[in-house]
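Going down the list, the sequences are from chains A and B. 1 is the number of the first residue of the first sequence in our numbering; add one for each residue after it. 323 is the number of the first residue of the second sequence in our numbering; add one for each residue after it.
The hints are simulated quantities; they were obtained by calculation from the structure and are not laboratory data. Be a bit skeptical, because a hint or two may be false.
Claimed, not checked - A few chain A residues facing chain B, derived, Cβ under 7 Å:
1) ASN46
2) ILE50
3) SER93
4) HIS149
5) SER239
6) ILE244
What the hints assert, rightly or not - Take a look, some chain A residues computed to stay more than 12 Å from chain B by CB distance:
7) ASP5
8) ILE25
9) LEU26
10) SER87
11) ILE113
12) THR119
13) VAL184
14) GLN187
For each residue, glycine too, the CB sits at the ideal point set by N, CA and C.
Chain residues, written in single-letter form:
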Amino acid sequence: MSSPDRFSHALRFLHHLGAVWIAVILLYVVSGLISPGMFQVSQALNILQIAAFLGIVAIGQTLALLVGGIDLSVAGVVTMSNIVVTSLMVGRSETMVPALLISLLLAAAVGFINGSLITLARVTPLVATLGTNSILFGAALVYTGGAPHGSISPGFAVFGQGHLLGLPVSTICWLTIGVAMAWVTRQTTFGRRLYAVGANPAAARLMGIPVSAILISTYVLSSVMACLGGLLLTSYIGSPSLGIGDQFLLTSVAAVVVGGTALSGGLGSVLGTIGGAIFITELNSFTNIVRVSTGTQFVLQGAVIALSVLIYHLVGSKRISS
Amino acid sequence: MAIKKNVYVVTRRQAIRLSAGALGFAAFSRVFPAYGADAISSAKITAAGETVSGSKYKKKGPYRIGFSNGFSGNTWRTEMLHSMKQEASQHQDLADLIIVDGQGDISKQVNDVENLISQNVDAILCIANSSSAVAPVLRDVTKQGVVTIPFNLPVEGEAWTAYIGTDPEKKGFTLGKWLRQASGDSGKIVALGGLPGNSYTASAWAGAQKAFEGGQIQVLAFRDAYWEEDRAKVVMADLIAAYPQIDGVWCDGSQDAAGAMKALLAAKRPLVPVTGDDYNGLLKLYQEQSGNYPKFKIGLLSEPTWEGVVALRTTLKLLNGEDVPKRQIIEPRLITSENYKDYIRPGLPDGVFVDTDLSDDELKTLFKS
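Just chain A, same shape as in the assembly:
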């Protein structure tokens, strides 16, 4: 076998396995060798616990990217869920369930508005969701008057801070949702339609797929996922903060892209995104432990995202040419 063929086979193998998982393992080994603290079981569990927040938000973002769109309102939805549940729970047990339901309903409404703006008003996803994000931040300011109050119900803390059978509960929630969404996207009609709409919306429409309904459902799901991620993060910290969602605006896209989902739509997987979220969290954790400046941390993250896109582009073009 010639060298180019071997390279092609290697790339195909990586693509089949999900290159991000190899990257996750490689980074873990390298970071552990540099900083042995990374090899501790407690630190591995810590990374999985923290990755859950980004991981769930990124699952929603994956769906948005799969249909050829993007959801930049996830940051606003995370903040909204944090502000709403803490202000409604106010540290009492009996308010927990209504607060969670209201928060999820509000998120679904935000997703419905995003989907409607994109499908009915023909606003591009980037502009529509960025606009919604800005509105949500403004609404949080108006709702709280800039002074958020409240705290979580005592029983709610278990989701973000508790452990079950040695595993963080947040991780169990995330992986359960992840596996369920992977099944939905791969094994159901809705999932297949999602890929079809992302690959070619015009062809999907000709095939009789209700494109608008699929898009609206996707943005509703994306918002609900962002809300669930926000709820877990709120459970982890216990108090409200107006800036809590900001960190997800771009890292959610980064996790999805690193996980192998194409920005152009129709290509990618939820399982890849789970790996992407672990990778981004692992990278953050590693750069927190080793003595690099925040500037270097940003450069590293940016370089990794650019490199991922490049590798997947390379894998994609090799696959087409073969």
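Keeping the supplied structure of chain A fixed, place chain B upon it in accordance with the hints.
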């Protein structure tokens, strides 16, 4: 240039509220020299720099004053704005207080200041998003005879009328010195700052490092934690994994400190001496946990939310033709395990910054709690 200094202290809870507006203002002026710094709580305020002559800015009221707020997305700014608006309502010679929000955007803030000028304001107050970006526009406005008062965060150069704020380097030094003592001058510490690249944290951390010089303190790591509890908890969890021994935590804000202590609790590690500011969440955490962890101590320096009130009073003094100091440097009192009960607001939300001129009832209304 000669430097005049005027320092005085007013006991906390005897806060001066100029409720009688102009009358109170005049009374206040009689008590302290015309160029004296203002005061409102237990903080010491040092007047430094040249004296700015009010005669140059004297105008007949009523006045229109603009305030360019860099952004408004946290509770400190909310309390500051509320105090400032309350203060404004008590001055009959103040016709309009026009507040514009820069939304954290450097260029928007420059544009905001230009818009205020076009509205013919007599003075512009400003909390800068960037110490350098807003400097040229303030210089131009000052040249036109408009009073310009940056406060809270410094603006580059001196091409503005007067400045009010704390000295972050000095605060960082004081906190560093306290932590050095609290951890027995030989501990291993980690440090958490605010937003990446912000000048406040940079200065405060520079001050802390000076305080550590010559001692046995070992700094294991410095990380940015965005002054957010959740981010600080995540960063601290990583540092806990990397360093088996952490004897103290230096923070320039108590959201970071609270997040760091919560990470120690989650990792079942003992709580350690920590620094920060006057964030109620940390004071409540201290009250709750100090009995369980004998080494848990706090050393905190506030960033008073009444800085805007002092800025507004200074502006009105100038427009009334009174002299003021070029710089009024606020030096807050150190809050420690010994005196924290004077500051804690147990019935109020974590997000409250307690060095405020607002009463508990006012804060309850503001925080809807």
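Any of the earlier hints contradicted here, and which numbers?
3, 10
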